[in-house]
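Those sequence lines, one after another, are chains S and R. What the first sequence shows, in UniProt numbering, is residues 1 to 337, in sequence order. What the second sequence shows, in UniProt numbering, is residues 1 to 337, in sequence order.
Identical chains share a label here; the pair holds if one copy fits it or two copies do between them.
Below are the BS3-like pairs computed for lysine-lysine, each with C-alpha atoms no more than 25 Å apart in a straight line: (1) Lys73 <-> Lys32; (2) Lys297 <-> Lys252; (3) Lys313 <-> Lys118; (4) Lys252 <-> Lys311; (5) Lys61 <-> Lys95.
Keep in mind the hints are simulated off the structure, nothing from the lab.
2 protein chains.
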Amino acid sequence: MKKLLVTEVALRDGSHVVGHQFTKEQVRNVTKQLSAAGVPYIEVTHGDGLGGSSLQYGFSKEYDIELVKEAVKVAGNSTIAVLLLPGIGTIEDLKKAYDAGARMVRVATHVTEADVSKQHIETAKTMGMETVGFLMMAHSAPPEVVLEQAKLMESYGADVVYVTDSAGAMLPSDVTARISLLKAHLSVDIGFHAHNNLSLAVANTLAAIEAGANRIDGSVCCLGAGAGNTQTEVLVGVLERLGYETGIDLYKMLDLADDVRTNLLPAPQDITSGSFIMGYAGVYSSFLRHAVLASEKFGVDARDILVELGKRKVVGGQEDMIIEVAQQMAEKRVRVS
Amino acid sequence: MKKLLVTEVALRDGSHVVGHQFTKEQVRNVTKQLSAAGVPYIEVTHGDGLGGSSLQYGFSKEYDIELVKEAVKVAGNSTIAVLLLPGIGTIEDLKKAYDAGARMVRVATHVTEADVSKQHIETAKTMGMETVGFLMMAHSAPPEVVLEQAKLMESYGADVVYVTDSAGAMLPSDVTARISLLKAHLSVDIGFHAHNNLSLAVANTLAAIEAGANRIDGSVCCLGAGAGNTQTEVLVGVLERLGYETGIDLYKMLDLADDVRTNLLPAPQDITSGSFIMGYAGVYSSFLRHAVLASEKFGVDARDILVELGKRKVVGGQEDMIIEVAQQMAEKRVRVS
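Build the full structure now, drawing on both the sequences and the hints.
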């Protein structure tokens with residue numbers, strides 16, 4: 001029976017859903033139940049990683065290092081993990097997270113920029129942390145490029161490399177192509193992180209496992225950016241039916257889901273037209289608001305703007321491209337008509 | 001490019017979600033937009049089919065034959081379909097639906113009881129209706145049995161046979177096994193109807209198409225029993241990315257989804273612990289309420305009751321088995337402790 005290691009991301013990716021307003025009590029309550037259910041890794045950080053609390057990304061209610069401390073208190077046998085995006089978070093932040101008790105770090109870069117993770121991965125390894133290289137927006141690069149970048153992370157010392165479908169844009173065949181290539185050429189563990197924008201998070205996770213991934217991300221009640229992530233409690237049940245071993249107690253996860261639904265979830269996370277179109281276009285969910293504004297200003301369908309941005313493979317931080325694209329589309333339309 | 005024919009079921013399976021309270025205006029509004037988007041078939045009936053309006057299944061706000069008439073008025077090039085479960089609906093109901101303008105009927109039976117559909121399928125064909133045999137709870141019978149039953153429906157004259165995952169219990173491999181066997185041995189079209197209880201509705205639909213199905217069901221905003229059906233607007237986008245032709249305008253479907261979300265949906269249809277467990281156990285969503293009551297009475301976990309019911313392959317109408325199972329489990333526990 002194949003063993004899988006699940007990382008629960010509701011207390012990090014789910015931070016986007018609650019506007020980064022998690023309280024210490026909420027973090028303790030959820031962590032305690034996750035630990036009791038046997039979830040091996042629990043990620044606790046601002047949605048955009050360590051140092052994410054800012055004007056640009058949204059201020060946290062509680063400094064995330066404090067939330068890590070709270071989680072560690074009740075984590076039991078579970079490992080508390082943090083997310084670090086070099087450029088947003090620093091080595092200094094990482095050290096603070098370690099001091100707070102985090103023992104795994106996921107160092108995340110855009111899929112073509114693994115080289116910026118070198119110093120952070122090396123430092124984390126020196127500190128004795130389990131270290132994950134996290135290649136975001138992995139749909140936007142061909143499998144060979146993902147492999148080349150994953151090899152860089154492996155060479156820096158990462159224990160695991162993740163293929164991360166940040167925009168929820170992948171189809172199962174996209175997942176299989178990337179994971180199987182990594183599995184064939186890397187000796188470290190391979191992970192997969194999904195978003196549900198095309199209603200394929202569970203299916204893509206199954207495709208990843210079949211292709212060789214043994215590290216997978218889930219989020220209770222789908223709590224995560226866009227349409228949310230792979231719903232942990234559903235995934236655990238499906239994996240059980242397929243004969244995989246996660247070590248997670250299904251009923252305890254379902255009880256936690258009921259608690260989260262009642263006491264934490266602002267609204268059920270289904271797939272809205274907005275979150276669907278982000279997956280369809282293959283762009284970050286943070287682009288939607290800007291595209292809607294540009295749509296109103298230039299009289300161009302927001303969906304067409306997003307699809308065009310996806311074709312141009314825009315990355316986080318390039319929000320100014322949205323205006324440019326909308327303007328060009330409006331001008332083109334005038335010339336045609 | 002493979003062509004697929006979509007049947008939109010929100011105005012039938014979605015009837016469960018609104019307690020069968022669809023108004024004439026709602027039906028006209030949704031039908032009009034579905035037709036404008038190019039959806040070829042639109043099913044309009046009480047959630048439990050013609051004649052479903054009753055104390056047992058819930059009274060409709062509007063008699064569904066009247067709703068069919070309203071839909072037909074604005075259906076344009078789309079065909080209005082009705083669902084008929086022999087035993088709930090009658091030949092007389094079918095004639096009324098035909099007179100109201102319905103031109104497709106889906107005759108639904110439990111997966112092992114296709115023989116009860118003979119008279120209804122034959123009558124529908126005599127009346128000149130496009131006729132679908134709809135094998136419900138198809139997860140609960142092995143592929144060879146599904147084939148044998150599908151052959152019966154084909155022999156009665158059905159133009160299409162559907163594999164129907166009523167409980168949302170199938171994994172993609174379950175779908176592939178059933179659809180590919182039917183495809184190999186039948187000459188009529190093969191269809192697939194999914195529920196999203198295991199978060200696999202879109203993935204299962206893709207598996208069905210790959211195995212040879214060319215008729216598929218979708219529901220805008222997932223509007224349907226349990227965790228809802230395959231979300232039509234998401235499916236249309238995914239199929240477009242995969243190069244399949246549905247003839248459906250994606251943006252018009254997304255606009256309709258926005259409208260339904262704002263004006264019709266009581267609450268977003270995500271996967272609750274309750275709807276998940278129905279798919280996990282493989283039982284009808286109508287069993288949940290009874291299982292919770294039995295759970296309280298006998299002090300047995302409702303989830304264990306449902307899983308046991310699934311093992312015993314209970315069917316609709318056997319709700320009294322729930323008490324029996326709960327009682328046996330409570331007694332067994334007493335003996336053990």
